[in-house]
Amino acid sequence: MSAMDPTEVFRQEASELFEVLEGALLDLGQRPDDRELVDSAFRALHTIKGSGAMFGFDKVASFTHEFETAFDRVRKGEIKPTQELISVALAAKDYIRALIEDPQSTDDIIGEAILDDLRRFVSADQPAAPVAAIAEAPPLSPAESKQAGWHLYLEFESHILRNGSNPLDLLEDLCKLGPCFVVPITDGIPFLDEMEPEDCYLKWDVKLHAACDKDAIDDVFMFVQDEMKLTLSPLEQVEAPAPAPLFQLLDEEPVAAVEMAAPAIEAVAAPAAEQPAAKAEPKPEARPEPRAEAKREERGIATVRVQAERLDELMDRVGELVIAQARLTQLAASGSDLSIKMIAEEIERLASSLRDTTMGARMVPIGSLFGRFRRLVHDLSRDLSKPVEFVTSGEDTELDKTMIECLADPLVHLIRNAIDHGIEDTATRAANGKTEQGRIELAAVHSGAQVLVTVKDNGGGLNTARIRAKAEEQGLIAPGAVLSDHEIHQFLFHPGFSTAQTISALSGRGVGMDVVKRTIENMRGSIDLSTRSGQGTTVTLRLPLTLAIIEGLLIRVGEGRYIIPLSAVEECVELTAEDERSRGRNFLNVRGNLVPFLRLRELMAASGVPDRHQKTIIISTGETRVGLVADQIIGNHQTVIKSLSKLHSDVTIFSGATILGDGTAALILDVAQLVSLAQSKVEKQHINEAA
Amino acid sequence: MNQDLAGEHRSGAMQVVMIGLGEEKFALDAGLVREIIDPVPVTKVAGARAFVPSVINVRGNVIPLADLRIRFGMPQLDNSADTRIVVIELELDGEPVLVGVTADKVYEVTEISQTDVQQTPRVGMHWKPEFIRFIAKWREEFVIVPNMERILN
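Line by line, the protein sequences are chains E and R. Mapped onto the working numbering, the consecutive letters of the first sequence carry residue numbers 1 to 691. Mapped onto the working numbering, the consecutive letters of the second sequence carry residue numbers 1 to 153.
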């Protein structure tokens, strides 16, 4: 990590900030009165500007500065953020992003145009807008003339130290411009019992004897500009050559102030008094510095950037450890040495908590992904002129990092589809008695060891008849074949299948849904469509929590051993003689409920004599329950998932493989596939019975 | 095909691992071979294609075990003291894939020089010609250099 290019760090940081900025701007479109949002947008802008300048992205810094200035009136609440203004602000954001990521592709003219737009909006009701920016700091003299120096008055916001800025550093920087006389103004220091040790109470009065530009001074305070009051005025006369009276003038007053504050401080215990006393010290090397330093360190520790590959590597190692541990446990169980058994147990416990921690480190809240789609919805709804309300929920739901990345593209497809095909145009909606504004809900929720991500629109719903007609036209089904609606909808996932009557720029070319399905299935997830005509469509993605290690139930079928993900297991029951006999029915009576079951011996083509007491493992996905009949239930097993190679990609009933304690490979059953297999069997049976 | 043959001609000799399957000898491009291991317990994969009937654990990786004898219509022999698994790495659809190949016997690593290379006869063979890259001569015997990518696809 130390080898990381600092510019790269900035890019990463900036891209996170862009997300914040974009999110805030979009929210602002909906809640124009929310001060918090304006502030958070501003903070993001500000940090981009600051670090941009630090890393030499001067264009970024100057453009962002202009952006900030223009947007300032929104912050002051003088103008409302309208939709148009938000759009321009978003364009400005994109431009900054381009400046950082691909400076070659940008053009100053575009930037200027965006800024012009911005300025026009913010000054719409007040032609003198540019003045407003200056008005913030009235004494900023426009005079750039050479004079003997500057008189500065510095007042920082009290929380400045908490943000890691150190006023003393700034003063030191200021001193580099020329000889300075720095005098702290201590009248802001409260009594000790009211004092917040982390607040900054000091103000400074500085006389800078250097004929430098105002810009040079501004540069010093660039990062803290918004958190301070800076008053600049040119020094009247050449005072430098005659420092004596000045010293007197400056010295006397503050000392008095210190004295005034001092009694109160001394009245309290001495150690406690040390802090404020130190603060009052005007020297740049004063004590508040380590404090700010410590603060900075603390922030550094709170989160650590780790390269993704390292986490992957760690996960691999943990996987190997878990396998080795399984072997140890097996060995210990077969022996009689009690102390080895104890160690094996201890290691099992450690390995399992290490696994959990490692997996936890890879978990990322899905909200980071959701944020990206708000822009998509915003732009699409504008381009298609379909007003759409975008609602997200469950942003805190955590998913494995790799899965979040894999999810981005499928969700883009689904959301595009929902807006383009799902939501009707305004006229149709009105005609159907719906609100003019469509609604798209993106939600994530935990469901057992799965995460369900749903994209729900309140549009027209799928047109089953049209899908059917299209499928017949493409020769996918024979005309007149008996198919359930559910089966017909599955054609949407067929490569090259599109029912859109017109091909738009966005969708309708028939690429997409099959890719979505494949991506989701590659993640061992499944995709489900449900629709109600005239009321909308819901697409549900079911995803496993992690791709790496799961708790499994180890079972034996004939000679082979298999793993069922424990999260899917509801209960294990013995197959009664009565159930055993009912060959034709394949239904199990579980406390009055009929549950279809599959005989794994048949499915796995197991040889040998079945065990006398067959066990049934009841598994479920969502609402459906299915029984799996096995010869033996061996026990639970920490399952490190190894994917099956391409050569076995045609085998659907297994989702992967793992390595058992004795070093042999065991296959992991794909619960979703088995459930749908059982269901289709049941359906066929129904059809046969009906016929 | 012909072009890539010509390439090999120019580069001269080709390193191969000579294996025996039934009565025949096959030469696997040594560049593909990762390791040769003793037989390990196999795990059958129900529903898989016949020539990749099972998976094995090789150093913590679960890899498919292919049976070329099935692809070439040869009888399957029981494992003997000579049976080995040759682990090869192939590029399938642009992704590297490790595959184990059962060999009734592994002879040696050797070189086939360009003069030994024979064009695949179109007739007189009971094997699908697309499974064969070319036929070479080695110690007065004809050996088959199989096209592993095609065999496994």
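These are calculated hints, taken from the structure and not from any lab test. Keep in mind that the hints are not guaranteed to be accurate.
Below, a list of computed lysine-lysine pairs in the DSS-like style, where the Cα atoms sit at most 30 Å apart [unchecked claim]:
no., chain 1, residue 1, chain 2, residue 2
1, R, LYS137, E, LYS646
2, E, LYS517, R, LYS44
3, E, LYS59, E, LYS80
Evaluated hints:
no.	hint	result
1	R:LYS137 - E:LYS646	violated (33 Å)
2	E:LYS517 - R:LYS44	holds (28 Å)
3	E:LYS59 - E:LYS80	holds (28 Å)
Hint 1 alone, counting from the list given before, is not met by this structure.
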